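Could you slot chain B onto chain A? The hints should help.
Just so you know, the sequences run in chain order A and B. Quick note: the first sequence uses the UniProt record's numbering, first residue 1, plus one each step. Quick note: the second sequence uses the UniProt record's numbering, first residue 1, plus one each step.
I should point out that these hints are in silico values taken from the structure, not numbers from a laboratory. Be careful, since some hints might not be right.
[Stated by the list, open to error] Taking lysine-lysine pairs in the BS3-like style, the calculated list, with each CA pair at most 25 Å apart, reads:
(1) B/Lys122 - B/Lys314
(2) A/Lys189 - B/Lys314
(3) B/Lys122 - B/Lys211
(4) B/Lys128 - B/Lys299
(5) B/Lys23 - B/Lys314
(6) B/Lys128 - A/Lys330
No experiment lies behind these values; they were computed from the predicted model shown.
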Amino acid sequence: MSTAVDMPRFVRAREAEALPPPNLARGPIAWVRENLFSGPFNTILTLVVFYLLYISVPPLLNFLVFDAVWTGADRAACRADAGGSESGACWAFIWDKINYFIYGSYTISERWRVNIFFSLLAIGVVWLLWLKAPRRDLGAVYFFWVFPVVSYILLTGGNENFSVRFWIGFAIFGALIIALFAFVSALLKTSMRPALILGGGIVAVIGVTLALVDFNFGLEHVPTSLWGGILVTLLVATVGIVVSLPFGIVLALGRRSNLPIVRLASVIFIEFVRGVPLITVLIMANTMLPLFLPGDMTVDRLLRPLIGTALFASAYMAEVVRGGLQAMPKGQYEGAMSLGLNYPQMMSLIILPQALRIVIPGIVNTFIGLFKDTSLVAIVGIFDLVKTIEASRIDPDWAAPTIGLTGYAFAALFYFIFCFGMSRYSLGVERRLAAGQKR
Amino acid sequence: MNSVQTAVSQTSPPKKSFLYDPKVRGAFYQVVLVAAIIVLFYVAATNAVENLQRARIASGFGFLNNTAGFDISQTLIEFSAAGGTYGDAFIVGLLNTLIVSAIGIFFTTFLGFLIGIARLSKNWMVAKVAMVYVEVLRNVPLLVQLLFWYIAVLGALPHPRDSLEMGAGFYLNSRGLFMAQPLWGPNIGVLVAVFLLGLIGTFIYRRWAKKQQEQTGRQYPVGKVTLALVLGLPILTWIVLALVGANPITFELPRRGTFNLTGGMQILPEFVALLLGLVTYTAAFIAEVVRAGILAVSKGQTEAAGSLGLPPGKILRLVVIPQAMRVIIPPLTSQYLNLTKNSSLAVAIGYPDLVQVFMGTVLNQTGQAIEVVVITMGVYLTISLLTSFFMNIYNRRVAIVER
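Just chain B, same shape as in the assembly:
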């Protein structure tokens, strides 16, 4: 024992300069990096202050309270050129971005899953058509597709004076799609309450049905009951309320004016073009994600499920999809984020999203580039980080539990 120790102490290297210590070197590199970053930011900041003073541009976030003085074509909240502030314009733009993203994500999920499953179809024709769709849509820039849709959609539509009447209060012309606007009556609370009751009832019924199935093996018609409680019950309430003369929802139909339609709800052609472009483009990517996810489930799983006697539909629903979802969720999340970020291309076709309103018009009017860019990027960063946060929680729930 003793001899070993002496041997170690004899062969241990002679004391070297501390410069060879990896810790010292690491600390040195980091100090250099921090110093470089500080210098970079300091130089940039001093230059910016000087340039702003020379150009007489105000700084600070006070401009958000100034009157905007421009109109926005699609506003989900009250906004007018006379009364709206830059802050209001920011919120209008943000809401427009969020609504197009939310609707886009909803539709693109459907289309993406449809095409992804079609690519794996045994039907040769269906698989090939899905493949061509994916290859064409993925390899052409979204901007070109958006401009194409914008021209194709807008160009095909008639002048407001000869609007296409589609029945049920729907009109279509080059200024967009006009439809009946629902007006909420005083009894809307009843309807909302019934809807919420239906949701709670569904939740309780589902838990009960699952418990029953686990205990007795008997299955209950969960789908039909859900549909009846969530959709059927509110509709029934609505009809009853309408019959007793306390209709909670009335519709304001668009009317034909001399030059344009008045009243009702208007959906901009820019919105339609942007939505079409985003949905079809992102669906191509989601299709590939779905295909990869389904292929990642080993064939033995399908065969095992088949040998248990499950029919093909149930194999897909109960065995393949739950396992595929583990692989699909992370890249699907990043596709959702891509769609949200890509909605900023709205600026190319004039849909008033956050970038078009805030980084475009407001930035040009106020000249306060730094504040505007910081706010806009902050919004997108927040959306990205929040989405990844929630998706990570969900992902942890569906992730495989290793023993």
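Excised from the complex, chain A in its bound form:
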């Protein structure tokens, strides 16, 4: 190998001229020059963006705000041929239909119950998501047990009127459960008390729930076919989160389990659900669920997509939780085992509290996805917000060219406020958690 003969020289032959002193200018003009017009390419880019904004923003603002129709009783306000103006959004339409968009066809005199449901939901969400809230363990009990039961009674009216035979059956079932726990405890030669408390606790929780649902609070029954609008949208999202979090944790634990069959079953479920679109799951729940149940049993039309979305969200939640479980250092598992904790104790006392905490942003992001996906129930004929807008759009009282766009602008605004709020929250939590990791 000869040394490089025709290599370019890297050493200057002459002294370089001094560069001009750095520009020390401060203030808005300097800022503009530095950030917007720092070179020919950037200047062109800025001008192109300004042009794009010029052709898109003013018409949008005109449509949404300046040319919009804010008041009016029917289509005349939003039709140019009827003396109104039609260049802008017809917010009068939204204002006129707002109760329909919020409650659907829910019995008008009973709508206060929906309002209580909304406030209970808000309390639960704040309690769980506000990291400094007191007694967040109670908050979990509230959100995953008290709130669903109370909401069910509030929204449907409760008073299920279970027959005497049902209660006798439940008593036998409860006795069997307690006996089973006592039997296992005797078999394992452990003390009887905790087993009886655990068994009795499970039976008591189910029993209290059933009794509350059975009790006649004097509330009028409102069939689910009347529910609609934001009520249904929030309901689907709430059921999704209430079911998917526990179920997703179970699936994630199953996927990380050492037992091959448990692992296989979890993997198949998770990958199957994640591999198909939600809409196919919803159609499956709609058409196949009734087939799989005994002939005389029917599933409520609203319940079918609820089951579909809950199962769908569980698979995604499982993957988020699995991420948290995997992020736990091995020392945590080993430490727990060396303390003599068994698997349930290790998971519930050591691993899950830490793992769930670090995946709060992931959980919230999954929930944002779930919240957006609730709009798909409209396709299988459930009257959620999108479907109520679709239905009002063709109302002849409000037949005007801008109605459709106005309706969807309203829906977009509604979803945007919720999803953007949640994503900001998740960003905040992420920063806070990262702050703890900083050295």
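Positioned in the frame of chain A, the structure of chain B alone reads:
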């Protein structure tokens, strides 16, 4: 040594019940799980058989050979209400899903990378506009966006009778975009052969150029040669063939009829709306993926490349992007899959994709829910698994090689 062993045997726990053996417990839990799953499936299956018999719904996949008796607005293969079977309808729907996904993935990659890089731009204005785009598009459900595009696209278009003429055989009206349809002549084989030759030539030239560069350091104009061989050569052949009177491709232009345009190729407004919605929505997610990928490349890499004397364009192309791709590929794959799965929302605006045709019309006509749902889900699962399989192979190739 001996004393240690005795000590161990003395402290070893007394023989406990086999119920405390983790293996026995594990086996027991698994048996319970399997039993529960079997019971669940058995009950569901017996109920389904009973319900189907009561409703007099046939079962089995024989219905795929029955005549469909409905029309589909966009068919990539020959399909008619009289002659097409349910099986044909399935293929038509599948092709429609695949084509909208393929075109969507192509455009969304461009737009996503563009916006992702724009978010990191030093230009304040560009970065902010890209950020607003991402936040707005990501936080509004795709269904609402699709319905919006559908109304916005369809509502802005004129009636077929006053179609907009855009020149070169393009017409636009509320029934879609009409354009010239290429008709393949007998000499199309020549053109294809020349195109393939160009591809092979490019491949050989690229390998040669790379070898030369590795050995001598001299660089060759790979990009220009590629363009000339892949595009220039076939176009030249086409012109020559057209001049000697053996034109391999002729165009059938759409003609204005009394009520509608006839002939030519028609692109449905539903297709345009679906494509627009999917592309703009997925691009917002891809932009975030790209941004995260570029930020994951440490700043030292850029600085090191700069100190080697590489210009900014080459730093991006030769140093940053190859490393960022490792981080970008896995989430990008899942975004592609999301786009494919989201194309099933076509059912909301009436584009005849797999779900709309098969899970909608065919399911309603035949009532054979189980078979239809199984086939449809099977298709999506296959697409998902195949894509992840190929992407995993690619990912292994670009993944970092640890020493």
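Compare the structure with the hints numbered earlier in the document and write down the numbers of the violated ones, lowest to highest. Going through the list in order, the structure violates hints 2, 3, 5, 6 and respects the others.
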